[in-house]
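Required output: the full structure, derived from the provided sequences and hints.
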Amino acid sequence: MSDRIELLLPIGESTAAPGARPQLAPRLQSLAGATIGIVWNGWHCMDVLTRELQRILVAEHGAKEVVALQTGTTYPMRESELLHARDHWDAAIVGLGT
Amino acid sequence: MNLASTRISLADDLDAVIEHFHRQGYTDGLPIVPPTEARVRAMLGGTGRAAHASLGRIEPSSHEATIEKIAINAVMAGCRPEYMPVLIAAFEIMTRREWLLGSMQSTTNPLTPMLILNGPIRQQLGVNCGAGVMGPGWQANATIGRAIRLVLLNVGGAAPGDVDKCTQGFVGKYGLCVGENEEESPWPAFHTTRGFAAGDSVVTAVGVNSSTSIHDSSDRWEDLLKTLTASLISPGTANVVDPYSTPVIALNPLHARILADAGYTRERLQQHIFDRCRIAPEALSGRRTVLRRGEHGDAVFMVDGQIPFTNKAEQILIVVTGSMAGGHSCYLPNGHFGYAQSKQIGD
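Those sequence lines, one after another, are chains B and P. Position 19 of the first sequence, counting from 1, maps to 19 under the numbering used here, and the rest follow consecutively. Position in the second sequence counted from 1, then plus 98, gives you the numbering used here.
These are computed hints drawn from the structure, not numbers from a lab. None of the values given here were measured: they were computed from a predicted structure. Some hints could be false.
To be verified - Simulated DEER-style distance windows between Cβ atoms:
hint : chain 1 : residue 1 : chain 2 : residue 2 : range
1    : B       : VAL48     : P       : GLN122    : 30 to 38 Å
2    : B       : GLY62     : P       : MET99     : 47 to 55 Å
3    : P       : GLY127    : B       : VAL48     : 43 to 51 Å
4    : P       : ALA114    : B       : ASP90     : 42 to 50 Å
5    : P       : ASP113    : B       : HIS61     : 44 to 52 Å
6    : P       : GLY235    : B       : ARG4      : 29 to 37 Å
7    : B       : GLN23     : P       : ASP260    : 27 to 35 Å
8    : B       : THR35     : P       : GLY146    : 42 to 50 Å
9    : B       : HIS61     : P       : ALA114    : 55 to 63 Å
10   : B       : ASP90     : P       : GLU117    : 43 to 51 Å
What the hints assert, rightly or not - In silico lysine to any residue, SDA-like type, Cα no more than 20 Å apart, as pairs:
hint : chain 1 : residue 1 : chain 2 : residue 2
11   : P       : LYS263    : B       : VAL94
12   : P       : LYS263    : B       : LEU28
13   : P       : LYS263    : B       : VAL48
14   : P       : LYS441    : P       : ARG195
15   : B       : LYS64     : B       : LEU28
16   : B       : LYS64     : B       : ILE11
17   : P       : LYS263    : B       : GLN29
18   : P       : LYS263    : B       : MET46
19   : P       : LYS263    : B       : LEU49
20   : P       : LYS263    : B       : THR50
Stated by the list, open to error - Footprint (simulated), chain B over chain P, 3 or more residues, beta carbon under 8 Å:
hint : segment
21   : 131 to 137
22   : 166 to 178
23   : 230 to 240
24   : 308 to 314
Glycine included, C-beta positions come from ideal geometry on N, C-alpha and C.
So this is what it looks like as structure tokens:
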């Protein structure tokens with residue numbers, strides 16, 4: 001009798017059927033010259049951090065432009081906002097706020 | 099059918115296995131049932147869905163909530179296989195984009211999904227709808243609620259204190275699953291107000307904050323309404339700053355019957371709360387006033403210069419649960435995330 005026990009991992013893995021997995025956009029090798037979006041939900045004091053992120057991305061990483069998009073706290077980005085981001089941003093920082 | 103999850107090999111010692119899962123952050127702090135392949139396959143036998151099928155992504159990690167992963171965490175939680183359809187229906191709700199699960203997973207609010215079960219499923223699974231309904235003692239309630247939380251932790255990545263920034267949390271974050279006490283309720287079952295037939299088995303998922311006790315042992319409906327109304331007026335609760343919220347008023351059957359005997363239907367009670375539970379704008383702090391600005395570009399919703407409990411009376415969810423003993427009901431605020439949605443439970 002084995003003194004080992006085999007268990008299945010409970011954490012998320014890419015175990016979905018291949019057709020169900022979305023394709024991620026290619027990662028940027030550099031932020032230089034990029035237009036970056038920051039999506040935040042208007043939560044307390046996030047505006048302060050957003051301004052600092054904008055400064056850092058331009059001053060230290062050479063981003064061309066950093067756009068801050070404030071959504072509501074009770075709904076995700078609107079379809080029109082998602083499409084605009086896809087068409088005009090090179091990268092995005094999302095999920096900020098509470 | 100091959101199971102796709104990675105396998106780990108550990109010393110076949112229960113204490114060592116539990117310790118390993120604790121150290122890896124796979125638990126809620128309580129011991130788990132080791133998810134062997136045999137146990138997971140048995141759990142998968144509780145549903146006709148394919149193991150690799152995905153119900154959607156669990157934010158913030160964006161990993162897929164596959165039937166297999168739900169089964170693994172259900173084993174850990176101590177579920178029976180027959181609980182799987184409830185879990186599946188619940189996650190089909192919670193992975194909907196508009197439910198904002200990702201925000202709920204990382205918020206500082208003491209927020210957790212609450213499952214409300216209606217219909218024959220309650221008897222089929224032995225779901226507690228009576229005494230101590232939000233407390234310990236019933237395997238179905240305890241483990242279904244716990245399985246939900248373990249999936250949110252392990253598949254969604256919401257590690258407490260890390261990704262999950264909840265300031266204090268509350269006990270509902272171990273799991274919160276209740277059955278409506280339809281049999282002792284004076285009103286039609288809650289799920290029939292949401293478009294389902296009385297004979298349907300339905301789960302409603304709603305994100306709730308820690309509960310507020312509403313205690314009044316009077317048998318006079320006037321007293322009860324006075325206490326109820328006053329208890330709901332609280333500038334610090336989530337729904338005050340979110341007019342689209344779906345707060346839960348969990349009335350015990352005794353309170354419900356006192357009100358029903360006085361002529362209150364569920365709808366009339368909703369309207370009463372909407373009409374009477376108003377907060378003066380000056381009762382809110384400056385910051386909460388800012389938060390209450392129109393989320394959808396609308397002007398702040400006010401009625402006669404007062405802030406109502408919700409935008410519409412029908413947003414107030416009145417569920418009858420608990421026992422007839424004692425005048426104890428409670429209110430569970432909802433706001434910002436996890437507006438109530440209901441789904442029929444399939445296989």
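The hints, checked one at a time:
no. : hint                             : verdict
1   : VAL48/B <-> GLN122/P: 30 to 38 Å : 36 Å, holds
2   : GLY62/B <-> MET99/P: 47 to 55 Å  : 51 Å, holds
3   : GLY127/P <-> VAL48/B: 43 to 51 Å : 34 Å, violated
4   : ALA114/P <-> ASP90/B: 42 to 50 Å : 48 Å, holds
5   : ASP113/P <-> HIS61/B: 44 to 52 Å : 49 Å, holds
6   : GLY235/P <-> ARG4/B: 29 to 37 Å  : 36 Å, holds
7   : GLN23/B <-> ASP260/P: 27 to 35 Å : 28 Å, holds
8   : THR35/B <-> GLY146/P: 42 to 50 Å : 48 Å, holds
9   : HIS61/B <-> ALA114/P: 55 to 63 Å : 46 Å, violated
10  : ASP90/B <-> GLU117/P: 43 to 51 Å : 46 Å, holds
11  : LYS263/P <-> VAL94/B             : 16 Å, holds
12  : LYS263/P <-> LEU28/B             : 29 Å, violated
13  : LYS263/P <-> VAL48/B             : 19 Å, holds
14  : LYS441/P <-> ARG195/P            : 15 Å, holds
15  : LYS64/B <-> LEU28/B              : 14 Å, holds
16  : LYS64/B <-> ILE11/B              : 38 Å, violated
17  : LYS263/P <-> GLN29/B             : 31 Å, violated
18  : LYS263/P <-> MET46/B             : 15 Å, holds
19  : LYS263/P <-> LEU49/B             : 17 Å, holds
20  : LYS263/P <-> THR50/B             : 19 Å, holds
21  : 131 to 137                       : holds (count 4)
22  : 166 to 178                       : holds (count 5)
23  : 230 to 240                       : violated (count 0)
24  : 308 to 314                       : violated (count 0)
The structure does not agree with the numbered hints 3, 9, 12, 16, 17, 23 and 24 stated previously, though it agrees with the rest.
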